[in-house]
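Put chain L on the given structure of chain B with help from the hints.
Number of protein chains: 2
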Amino acid sequence: MNLMIIGRKAQDAASVLALTETAKKREALLHIAGLLRKETKSILAANAADVAAAVEKKVKDSMIDRLRLTEARIDAMAVGLEQITELADPIGEKIAQWILPNGLRVRKVRVPFGVIGIIYESRPNVTVDAFGLCFMSGNAVILKGGSDAINSNIALGAILRKGLEDCGITPDAVCVIEDTARETTKELMRLNQFIDVLIPRGGANLIKTVLENSTIPVIETGTGNCHIYVDKKADLAKAIDIIINAKTQRMGVCNACESLVVHKDVEAKFLPMLAEALAPYHVEIRADEAAREIVPQFAEATEEDFGTEYLDAILSIKTVDSVEEAIEHINRYHTKHSDAIITKDCKAADLFLRAIDSACVYVNASTRFTDGFEFGFGAEIGISTQKLHARGPMGLAELTSYKYQIVGNGQVRS
Amino acid sequence: MNLMIIGRKAQDAASVLALTETAKKREALLHIAGLLRKETKSILAANAADVAAAVEKKVKDSMIDRLRLTEARIDAMAVGLEQITELADPIGEKIAQWILPNGLRVRKVRVPFGVIGIIYESRPNVTVDAFGLCFMSGNAVILKGGSDAINSNIALGAILRKGLEDCGITPDAVCVIEDTARETTKELMRLNQFIDVLIPRGGANLIKTVLENSTIPVIETGTGNCHIYVDKKADLAKAIDIIINAKTQRMGVCNACESLVVHKDVEAKFLPMLAEALAPYHVEIRADEAAREIVPQFAEATEEDFGTEYLDAILSIKTVDSVEEAIEHINRYHTKHSDAIITKDCKAADLFLRAIDSACVYVNASTRFTDGFEFGFGAEIGISTQKLHARGPMGLAELTSYKYQIVGNGQVRS
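Protein sequence lines, in the order shown, are assigned to chains B and L. Just so we're aligned, residue 8 is where the first sequence starts under this note's numbering, counting upward by one. Just so we're aligned, residue 8 is where the second sequence starts under this note's numbering, counting upward by one.
To be clear, the hints were calculated from the coordinates, so they are not data collected in a lab. One should not assume that every hint holds.
Treat identical chains as interchangeable: a pair holds within one or across any two.
[Unchecked claim] Below 25 Å or equal to it, Euclidean Cα-Cα: the simulated BS3-like pairs (lysine-lysine) are:
| no. | residue 1 | residue 2 |
| --- | --- | --- |
| 1 | K115 | K101 |
| 2 | K193 | K215 |
| 3 | K271 | K45 |
| 4 | K31 | K45 |
| 5 | K351 | K276 |
| 6 | K240 | K276 |
| 7 | K354 | K31 |
| 8 | K31 | K16 |
| 9 | K354 | K239 |
| 10 | K101 | K351 |
Bound-form chain B, shown alone (with noise of 0.2 Å):
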């Protein structure tokens, strides 16, 4: 099917939704999770096509096990879409209202933003998670997974469609893309006159791609390179847990600590007691000259280590002469996700907090809880790392806008 007749589907889709009660909405989210579990077998089934395809061409295990559906994947999406009834619906709340001196009645009121296009890569359950939220938070969405998922998706899709169909909402509210070509990806980027916003949810690559390549506004999400910086008023015991945790509970993610900054006066006591804790984790450590004097076994730390996410058993460690330098050289190297401190020092906890640049900063407490959920938002699309529009972990209020309605009895402008 032609995208511009797709984008125009769902927009005409999208103004319904807006107008859709919360009731409405949750009934057909169950309705579906009941689907997706009677469904269950045809769904394995296409996914089945999908995996055997994916070794065929001998894909990583990695890439195949994130590809893979189970019984218990499915029931998960439906969890989740259950999940997602409980929140609040966040249309139609009064943000702001105030009356003008000349009697205009002026209220700033939530709003979907009309139509969302997700682009992701081999996970099918993004199918039916980002279904829900954008249902939820009364948008359409269009949906361009992997090519390598598009039998997953199309089953998913199908279902999604005649769940909405069975409640008498329209299915265009949600689209899969059947057309896995490079082009149609291209063009769907740049369909600014049906979608109102670009998420992007995979790897940096696909990320920068689509940031390059698109003309719609994107939300930017998920490159994380975190940092913990040990000040010299902190607890260091605290410091080691804080660490070990951030560093190894999950090595992949993105607020997963990649970088640590130490203060020169702790330095000779800390870092052989980070040595020591962090051994049996296996992590390989990259520190500059100052730490290396200390712990020799330390690798070099280069430039370059200082930028990088390693999403992998790796840390960097940089050693400063005051919470400032700290505070430079965490925001000339990192993504602007989530960075801490650890110290008893309030002051320094205070500068911390004021001048590092990044969507959350922590003090005492481990970079990992940047996260939806961790939160209390109940659901997440993602972890914005830029600054416009929304910063870090995004919930169903994040996938709003919000309109000015006014209201006049004549008045003109003089």
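Below, chain L alone, put in the same frame as chain B:
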């Protein structure tokens, strides 16, 4: 100077500005306002060179008028800066705060974007106006004006920088790009590493070019194909007053009315009233067939007319059978800027307010009120027609982002 160097300097300046106190920002703006008045002669001399070059190039008179500075226009820039100092500083506002079950205290705090890029055309006053708004909201700004105004912009930029330096603030908080090559502008639009948001200010072509070439998040401003719908229950006399105001008070602005939608039940009475009322303003009316049957002297409207922002003494008319049809027509052809309904029917008004997908939706008032000053923001950098980040008139608060500050006592994620 190399753009990378400018970007880095602006980013460094931004990290200082983010922590600069309100009083100090106000002091600097007042000082610069004084400097502008003091340097009127040198500014006029630089501007005279630009005007002479434009005359030589046989540029249109209307363009030269935009380019030309006078003592009064320079004073107006100074007054603009003084007015900004009277506004509340948005930076540091606590937007929300809560405590998580694990004891983490989360604060959502308003912060500057960081570095804002402004790309504009030949009005030199934008150099000062945009600087003032960006500076007061704690942002460093990189200004890329049109080549026509380069001498004026360089002179103004030097005064801004000197004024900042006089007050002990880094002059890199503002940078006027002196290189007028197109390639430089393209390079600027891809400086993601240093620029957080790009705001084009100018005509539709400029905005289109920036949208197509920028990899930095853009705030789209300006285009307004604004509609007024005259309902079957409209007060027709009020409708005429509002339409005359919205169409004729200023023809070339984005919140002017470009198209009428008229309910068939009132067309026979209303259209002749309208033709008579608009006659003194020499507005050409292009109407659909039903309207031309009533007033044969109306010209014929094509499909293209309904989608056109004339910015001129032309008005299109579409007749409809219902408020629903009016909404569908408007949502199809408008630019999501400002649209109004004229009606005494609360139900029709309510449906219109909810269903029209525009930044500003009016009941019984002129679309000309879509303006930061009219809304009481005390300032305006532009009117956003996109839904990401900010919609409608943008004041100081719309030039900010937020961050989360999270304070714990050793929490780790389990």
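For each hint given before, does the structure comply? Return the numbers of the non-compliant ones in rising order.
Violated: hint 3 alone.
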